[in-house]
Amino acid sequence: MKIKIKVKHLVVYVLVPVFLLTAAALWIPGAVDRYQASQTPEAIRARMLEKIEAASGADKLERIAEFAILPSAYEPYTFDVRLGPRAMMQSDDGNPAPLTPEDRLPLLELYVGSGPPGDTLLRAANQLAYEYDALGQAEEANRMLERTADRLDLDGHADAQKLQQELAKREPSTQAHGKTPAASTFSGKLIDRDGSPVRRAGIYLLGEEGSESAEQNDPYQTVTDPNGNFEIRNVAPGFYQVELGLDYEQVDGRSRPVQWDDWIEIKQGRNLSKNLTLRPLIELQSPVNGQKLTEDTVEFRWTPVQGAAYYDMTGFIPDRNGLSGTGTVIRSRIPENRLSLPIEELYATPGASTLPDSGKWEDADPNYLLAYMNPNARFSWLVRAYDAEGRALSESSGYRLNPEQTNHLPFFYLKQRELSGTDRLLLKGRLSQALEQYRQEAESDPRNIHALRMRARLILSNVEISHDTEAKKELLPLLERLTAGVSAPQEAERMLSLLYEEADWDAYEHYYERYIRLNGGQIEPYLRSLHAASLFYRSRAGEAVQEFEQTLPDDPGHRFVGLYLAAQLQEGRTLGEALELARRYPELGYEQGGRGWPNLLNTMLSERSAGGDAAAFDTRLRTSLDEFAQNRAADPLASLPPTPAGSASIDAFVEALTNIR
Amino acid sequence: MKETERSAVKRKLDEELKLHTFAGQEAVLKRTHPAPRRTRLHALWNRELEWVLNPASLMGGTAALLLLAALPVLSYTLQSPHPAAGQRELIEVGGSIYWSDTYRNEVDRLEN
Chain A
1 MKIKIKVKHL
11 VVYVLVPVFL
21 LTAAALWIPG
31 AVDRYQASQT
41 PEAIRARMLE
51 KIEAASGADK
61 LERIAEFAIL
71 PSAYEPYTFD
81 VRLGPRAMMQ
91 SDDGNPAPLT
101 PEDRLPLLEL
111 YVGSGPPGDT
121 LLRAANQLAY
131 EYDALGQAEE
141 ANRMLERTAD
151 RLDLDGHADA
161 QKLQQELAKR
171 EPSTQAHGKT
181 PAASTFSGKL
191 IDRDGSPVRR
201 AGIYLLGEEG
211 SESAEQNDPY
221 QTVTDPNGNF
231 EIRNVAPGFY
241 QVELGLDYEQ
251 VDGRSRPVQW
261 DDWIEIKQGR
271 NLSKNLTLRP
281 LIELQSPVNG
291 QKLTEDTVEF
301 RWTPVQGAAY
311 YDMTGFIPDR
321 NGLSGTGTVI
331 RSRIPENRLS
341 LPIEELYATP
351 GASTLPDSGK
361 WEDADPNYLL
371 AYMNPNARFS
381 WLVRAYDAEG
391 RALSESSGYR
401 LNPEQTNHLP
411 FFYLKQRELS
421 GTDRLLLKGR
431 LSQALEQYRQ
441 EAESDPRNIH
451 ALRMRARLIL
461 SNVEISHDTE
471 AKKELLPLLE
481 RLTAGVSAPQ
491 EAERMLSLLY
501 EEADWDAYEH
511 YYERYIRLNG
521 GQIEPYLRSL
531 HAASLFYRSR
541 AGEAVQEFEQ
551 TLPDDPGHRF
561 VGLYLAAQLQ
571 EGRTLGEALE
581 LARRYPELGY
591 EQGGRGWPNL
601 LNTMLSERSA
611 GGDAAAFDTR
621 LRTSLDEFAQ
631 NRAADPLASL
641 PPTPAGSASI
651 DAFVEALTNI
661 R
Chain B
1 MKETERSAVK
11 RKLDEELKLH
21 TFAGQEAVLK
31 RTHPAPRRTR
41 LHALWNRELE
51 WVLNPASLMG
61 GTAALLLLAA
71 LPVLSYTLQS
81 PHPAAGQREL
91 IEVGGSIYWS
101 DTYRNEVDRL
111 EN
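Going down the list, the sequences are from chains A and B.
Quick note on the numbering used here: the first sequence kicks off at 1 and runs consecutively.
Quick note on the numbering used here: the second sequence kicks off at 1 and runs consecutively.
No wet-lab data here; the hints were simulated from the structure.
Please note that a few of the clues may not be correct.
To be verified - Okay, derived cross-link-like pairs now, EDC-like style, lysine to aspartate or glutamate, Cα gap no bigger than 16 angstroms in a straight line:
1. Lys162(A) - Asp119(A)
2. Lys274(A) - Glu231(A)
3. Lys4(A) - Glu50(B)
4. Lys51(A) - Asp103(A)
5. Lys274(A) - Asp262(A)
6. Lys274(A) - Glu48(B)
7. Lys428(A) - Asp262(A)
8. Lys8(A) - Glu50(B)
9. Lys473(A) - Asp506(A)
10. Lys292(A) - Glu111(B)
11. Lys189(A) - Glu146(A)
12. Lys472(A) - Glu501(A)
13. Lys6(A) - Glu48(B)
14. Lys2(A) - Glu111(B)
15. Lys274(A) - Asp192(A)
16. Lys51(A) - Glu62(A)
17. Lys51(A) - Glu66(A)
18. Lys415(A) - Glu299(A)
19. Lys472(A) - Asp506(A)
20. Lys162(A) - Glu146(A)
21. Lys6(A) - Glu111(B)
22. Lys473(A) - Asp504(A)
23. Lys169(A) - Glu231(A)
24. Lys415(A) - Glu111(B)
25. Lys472(A) - Glu502(A)
26. Lys169(A) - Asp192(A)
27. Lys428(A) - Asp504(A)
28. Lys473(A) - Glu502(A)
29. Lys8(A) - Glu111(B)
30. Lys4(A) - Glu111(B)
Please take these sequences and the hints and turn them into a complete structure.
This is how it looks when you write it as structure tokens:
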């Protein structure tokens with residue numbers, strides 16, 4: 001092939017571009033350097049301060065507004081992370097805030113003292129009050145707000161009222177306008193993992209969902225002072241959850257051990273004082289950093305936590321997209337900071353049960369089914385520590401942003417086995433074919449535990465997803481055989497939940513016993529509560545009461561307390577006695593504090609005494625409870641509307657019972 | 001007679017020169033009438049170059065051109081340090097939250 005080109009075209013189309021590209025390549029690194037140097041927060045901060053310094057009069061105020069007041073990053077209560085029982089979430093506001101609080105304080109004082117009335121002035125006053133609060137100078141903040149309100153008032157400006165309202169919220173409860181004098185206070189200290197105070201952290205009180213005050217979008221809030229102290233005044237009595245607002249540096253490497261059912265009760269006219277502590281994250285020691293394990297026993301080890309009574313260990317199996325989002329508990333109530341797990345027991349531990357979007361069993365994620373038997377999967381794990389009362393103390397998972405925190409990445413491979421041909425088929429998503437092949441393998445070789453286990457697991461997931469009765473019949477003898485060998489409690493647990501849902505009470509009783517044996521004689525509080533509930537449905541209220549009394553102290557959320565109260569009422573306890581019990585075991589759920597059951601019982605009590613015929617009321621209540629229990633005995637997930645009892649308060653109580661599952 | 005003689009000489013000369021061809025017109029013209037510089041530059045500018053390409057040199061040439069085109073981008077990428085905190089992304093793996101760049105670097109280091 002020949003190429004002909006004129007010299008002029010060579011120059012214009014080839015040599016000039018080559019020259020330009022080379023020049024650009026040489027120029028870019030220096031230019032990038034210079035640009036980046038000019039864009040560091042320090043450089044931007046220095047430029048802003050210079051510009052403000054250089055200006056004077058109205059111009060200066062305008063620059064202060066532009067650089068130090070209006071950027072959204074300076075709004076009070078802007079934090080990188082909100083940590084609480086409801087969620088651990090990051091703020092998506094990545095706006096930089098180059099000026100430090102020390103830079104802004106005199107600028108805000110200047111603006112509030114001499115800035116023109118308007119939104120910016122209001123904003124500046126609120127920001128300045130927040131800065132004083134963060135310095136522990138709440139009185140200074142009040143005086144500043146008063147002064148500013150007076151200044152605006154002199155000008156006849158309507159914004160003065162807004163500042164007066166802000167002031168009213170801050171005043172001690174006895175002087176507050178329009179509030180009951182007996183409003184309460186929540187105070188305490190936020191302490192870091194090393195005992196030092198955490199300053200400039202947000203403290204939020206979130207009320208119950210649907211309650212009138214302090215919902216998610218408008219919580220009570222304050223900021224900690226330089227000694228970590230905080231105080232929120234004028235809190236309406238009730239149940240609250242405490243959330244923290246922290247910056248990345250404050251949260252990095254720490255855990256705040258809370259559970260979704262952690263609530264505090266603030267009583268009328270009282271101060272509740274509570275210190276909040278950030279704990280160091282537990283460090284996982286082994287297996288970490290992608291270790292490829294080949295031994296028959298896997299040794300898990302982590303740093304001990306002071307005061308820990310036991311630990312729970314959770315494993316994460318990567319899904320078909322390689323994401324490790326859903327974890328399942330591998331072992332709970334581990335008494336020491338290590339666990340030796342024979343590989344066969346790990347193999348017997350199932351992954352999370354998931355419901356495919358299509359609702360079809362064949363679309364279930366095969367990675368969760370093969371679980372820890374996949375030698376190519378990168379598993380990860382975490383550990384949580386609890387005290388003797390079951391309160392979380394610390395955990396290994398959390399923010400690990402500093403490179404030092406990534407020295408021990410919690411992932412590992414289990415290389416003790418190789419994938420079989422059928423496993424490969426399964427991983428390709430051909431579940432039906434794989435099931436058939438596992439069946440053949442298990443039948444031709446009774447010692448092939450893997451094939452038996454996979455067959456049982458595939459059928460179990462089919463039963464869970466499509467509720468196939470034929471598959472369930474096939475499953476029971478398989479699980480019998482499997483649990484005769486090495487098995488994990490999780491398998492019996494899932495079977496148990498399934499039989500409970502299906503109200504297959506004979507088989508359920510059988511598996512309950514088996515589960516207790518497999519779990520070393522222990523019963524998880526949730527399963528014990530379900531068991532107690534099932535006894536109540538099956539007209540064994542007396543036994544139900546005993547079981548509930550065993551488990552209520554171990555279940556801080558008291559999720560099933562309603563059924564306990566119902567069982568007690570059926571056993572002949574009075575409404576007054578039930579009310580006492582409801583107060584002793586408040587139900588603390590997700591976004592719901594503990595007022596529900598006492599309120600319902602109180603309403604019944606007043607309707608009973610107002611109606612005159614107490615005996616008739618009691619009979620109506622008992623009939624309603626009987627009907628509810630019978631419905632549930634046939635279908636424990638039933639949410640049938642109960643037959644109206646002719647009494648609004650009984651109907652409300654029974655309706656609340658139907659919401660318990 | 002004179003004419004005849006001249007013709008004879010001419011014929012003889014022609015015969016003797018038959019084997020020679022004069023091809024130096026251009027050189028002679030250049031020497032006798034030298035072209036101005038502008039014209040020479042113009043000629044050079046419009047000169048046609050010709051290359052015979054084999055597949056290997058074709059591929060090599062293409063690769064060199066692509067590399068050259070990518071040079072500024074490469075130099076920018078190599079130069080850019082870690083993104084600033086405001087622009088970094090967080091990822092959640094196994095319950096923990098990491099800066100995605102730190103995490104990926106660490107995983108790459110461990111797995112290779």
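Hint check:
no. : hint                  : result
1   : Lys162(A) - Asp119(A) : 11 angstroms, holds
2   : Lys274(A) - Glu231(A) : 10 angstroms, holds
3   : Lys4(A) - Glu50(B)    : 4 angstroms, holds
4   : Lys51(A) - Asp103(A)  : 13 angstroms, holds
5   : Lys274(A) - Asp262(A) : 13 angstroms, holds
6   : Lys274(A) - Glu48(B)  : 89 angstroms, violated
7   : Lys428(A) - Asp262(A) : 43 angstroms, violated
8   : Lys8(A) - Glu50(B)    : 13 angstroms, holds
9   : Lys473(A) - Asp506(A) : 14 angstroms, holds
10  : Lys292(A) - Glu111(B) : 10 angstroms, holds
11  : Lys189(A) - Glu146(A) : 28 angstroms, violated
12  : Lys472(A) - Glu501(A) : 13 angstroms, holds
13  : Lys6(A) - Glu48(B)    : 4 angstroms, holds
14  : Lys2(A) - Glu111(B)   : 49 angstroms, violated
15  : Lys274(A) - Asp192(A) : 14 angstroms, holds
16  : Lys51(A) - Glu62(A)   : 11 angstroms, holds
17  : Lys51(A) - Glu66(A)   : 11 angstroms, holds
18  : Lys415(A) - Glu299(A) : 14 angstroms, holds
19  : Lys472(A) - Asp506(A) : 15 angstroms, holds
20  : Lys162(A) - Glu146(A) : 11 angstroms, holds
21  : Lys6(A) - Glu111(B)   : 53 angstroms, violated
22  : Lys473(A) - Asp504(A) : 12 angstroms, holds
23  : Lys169(A) - Glu231(A) : 12 angstroms, holds
24  : Lys415(A) - Glu111(B) : 15 angstroms, holds
25  : Lys472(A) - Glu502(A) : 11 angstroms, holds
26  : Lys169(A) - Asp192(A) : 29 angstroms, violated
27  : Lys428(A) - Asp504(A) : 35 angstroms, violated
28  : Lys473(A) - Glu502(A) : 13 angstroms, holds
29  : Lys8(A) - Glu111(B)   : 53 angstroms, violated
30  : Lys4(A) - Glu111(B)   : 51 angstroms, violated
When the structure is compared with the earlier hints, violations turn up for hints 6, 7, 11, 14, 21, 26, 27, 29 and 30 and for no others.
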